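S.K.: The residues making up each chain are set out below.
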Amino acid sequence: MDASYLDLLMAQQEEITEEAAGGGGVWVVADVVNGSIAPVTLEGIGAARTLADSLGAYVYGVLLGAGGADLAQTLYQAGADGVRVADDAGLSEFALEPYLHVLADLFEAEQPEVVILAATQQGQELAPRLAQRMGGGLIEHVTAVTLDEATRTVQGAVPIYGGQYFEILACPEARPQFLTIEPGTFPAPFVDSYRKGEPTLLDVEPATPAVRVIGPAEDFEPPPVPLKQAPVIVAAGRQVGGEAGFALVQQLATALGGRVAGDRGARDAGWIEAGQVVDVRGVEVAPEVYVAAGIRGDTFHNAAIEEAGFILAIHPDPHAPIFESADLGLEAEPQDVLPALLEALGD
Amino acid sequence: MRIIVILGRVLDPSGIVVKGSAGRIFVNREEYLIQPADACALEAALRIKDGMAAEVVALPRSPLPDDDILRQAIARGADRAIYLTGPALKAADEAAMTGVLTAAIERLGGADLVLIGSTTLDTGQGQLGLRLAEALGGAQITGAWQVSSADGQVQAVLQRNGRYVAVEADPPVVVTLLPGALKLRYPDGVRLINVYRGVGEVGDALEAWDAADLVDEAALTPLVESRGKEFAPERERGVRASGTPAEMAQAAADALRQRMRR
Ligand SMILES: Cc1cc2nc3c(=O)[nH]c(=O)nc-3n(C[C@H](O)[C@H](O)[C@H](O)COP(=O)(O)OP(=O)(O)OC[C@H]3O[C@@H](n4cnc5c(N)ncnc54)[C@H](O)[C@@H]3O)c2cc1C
Ligand SMILES: Nc1ncnc2c1ncn2[C@@H]1O[C@H](COP(=O)(O)O)[C@@H](O)[C@H]1O
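The listed protein sequences correspond, in order, to chains A and B.
Under our numbering, think of the first position of the first sequence as 1, with each following residue one higher.
Under our numbering, think of the first position of the second sequence as 1, with each following residue one higher.
Be aware that a few hints might be false.
Unchecked claim - Subject to a maximum C-alpha distance of 30 Å in a straight line, what follows is the list of computed DSS-like cross-link-like pairs (lysine-lysine):
{"id": "1", "chain 1": "B", "residue 1": "Lys-49", "chain 2": "B", "residue 2": "Lys-229"}
{"id": "2", "chain 1": "A", "residue 1": "Lys-196", "chain 2": "B", "residue 2": "Lys-90"}
{"id": "3", "chain 1": "B", "residue 1": "Lys-183", "chain 2": "B", "residue 2": "Lys-49"}
{"id": "4", "chain 1": "B", "residue 1": "Lys-90", "chain 2": "B", "residue 2": "Lys-229"}
{"id": "5", "chain 1": "B", "residue 1": "Lys-90", "chain 2": "A", "residue 2": "Lys-228"}
{"id": "6", "chain 1": "A", "residue 1": "Lys-228", "chain 2": "B", "residue 2": "Lys-183"}
{"id": "7", "chain 1": "B", "residue 1": "Lys-19", "chain 2": "B", "residue 2": "Lys-90"}
The hints are simulated quantities; they were obtained by calculation from the structure and are not laboratory data.
If you're wondering where the values come from, they're calculated on a predicted model, not measured in any experiment.
Start from the sequences and build out the full structure, keeping to the hints where you can.
M.R.: Structure (structure tokens):
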């Protein structure tokens, strides 16, 4: 074997060593789910890397937890230049005060320029507290970022009315600039398995959570979501394929965590109640996702789903008007595609 | 127990049409709603007051051009409402409002419980309540379905890791309510008329305070500024999948999965 090949390989093992920091930097607070770094955190590192390269700054990851210090390498591989680890039994699960204590001390010392958190339970609880404590600005639910290089200001796109349009927001004066980023909206970064580094361990002073869990809320039943506000609706029509087809609609609704509805045909067939009829003379809906299975789609029905974010239509008749409203149309018998769709979603 | 409820208003989205191709928003019907999640916060406050001695005071979440939603809150059972005004307040963002509200709450004699919506319908921001928790030095309970108070403590029901759990904290506590958690009661007819006429029991329940008397003008400078709007490309409708039923099902599954990740 040619030894120079080995040398080359060794040279590629990039050992990340931090320069003396001296403040600033783009920081990412990691979310850990089931013992792994959450994808949104890697997306955050990717966004941070892009910003930091334009700013001429370093990317730092912060990892809080109990016994998961080896996860730090995942952050290096995604593009972090430095990683801080707070490893303590009191941090095993997210609780506000213990996490806040560690992060506030860290950021007070490091004075980050930008801090990125995930728009998850953890990030959304921490970010406003940190921003308020440090006099920082905060933009929540960011789905894209650009940089105003002259003033080193991050500009974040924020969905308005659930994404009907986006407002571009910036915090030109306040530092740090805190952002929470929406999971799944930034590209996953290139994972360079040759990158590795030596994380810095942080001292952890214990802090007690202010909110105590009493126990499961046994008797609690959440109020039913009105059809009008349901985020996912699976609706059946005359051509759904009889009882068997309607049963598939119910299964799909369960699989998608959605509500069952239908058109007048489905009501006439006795599958749904009057309150489940989607029609401008019945209920007008605005879900994120609307699936119309076997619905031909007359004017009254199609007008009632105008505000839906994404419409999937399944109907055997290629001339069914529903296809004009749909974002994706499947010309097929519902009972032919629904089982395959359920299976494909199950993977 | 003093309960502060923070209320905002939002342009009814069913009255607007967003046209990406024209790059603008058309307002066909200009009508405002109480922010849906804030409405749940108000109902939660009124339910606590139904069961124990409590004073409910409503404050605005952002600068308001009129005091309608505050009068509505009084008509529904709030004891007092403070309309915050002043030219310097006009541009206030969440950080600036935190300062004003903290000063207002202090002037009211403090709060045991602050209730506010977990998110706004339009901008989706949820930072005001938690900034307030920080400024007041209190605990925070986020995304509650229910709130109650017993034994001098605040209890709430929330969902964590797919389960409903009961939690508890010592006052002062900020609790954010989920939109749709509770159905806001209707206003009382007599209170509604009287609060607009300024007579009867609710005659002086609404006060107007000048923000300049509460905080320095410098504290009202917003940290966040808008740098314009962006519109997603117009939707292309009428796209059809091709292939066998199995292939079509796969295309549909991919599209649904991508959509539901957001
Ligand atoms: C309080 C208030 C605040 C507003 N704030 C903003 C804002 O911040 N940003 C913003 O972009 N807009 C805002 N608007 C909306 C905007 O001012 C009006 O919608 C606009 O003036 C429409 O009139 P126009 O005659 O200029 O359009 P036109 O020149 O008549 O129309 C331009 C194009 O839009 C289409 N169009 C016109 N009207 C409608 C409609 N009602 N529905 C669908 N399509 C239509 C037309 O077909 C045409 O293609 C606001 C409106 C109000 C009442
Ligand atoms: N129809 C609308 N839809 C959504 N946002 C709006 C609308 N009208 C005004 N706004 C927002 O409200 C803020 C103040 O608007 P204005 O006072 O009309 O300039 C701006 O940030 C606008 O983006």
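S.K.: Now look at each hint and say whether the structure bears it out.
M.R.: Results of checking the hints against the structure:
{"no.": "1", "hint": "Lys-49/B <-> Lys-229/B", "in the structure": "violated, 42 Å"}
{"no.": "2", "hint": "Lys-196/A <-> Lys-90/B", "in the structure": "violated, 50 Å"}
{"no.": "3", "hint": "Lys-183/B <-> Lys-49/B", "in the structure": "holds, 16 Å"}
{"no.": "4", "hint": "Lys-90/B <-> Lys-229/B", "in the structure": "holds, 20 Å"}
{"no.": "5", "hint": "Lys-90/B <-> Lys-228/A", "in the structure": "violated, 34 Å"}
{"no.": "6", "hint": "Lys-228/A <-> Lys-183/B", "in the structure": "holds, 15 Å"}
{"no.": "7", "hint": "Lys-19/B <-> Lys-90/B", "in the structure": "holds, 28 Å"}
When each numbered hint is compared with the structure, violations occur for hints 1, 2, 5.
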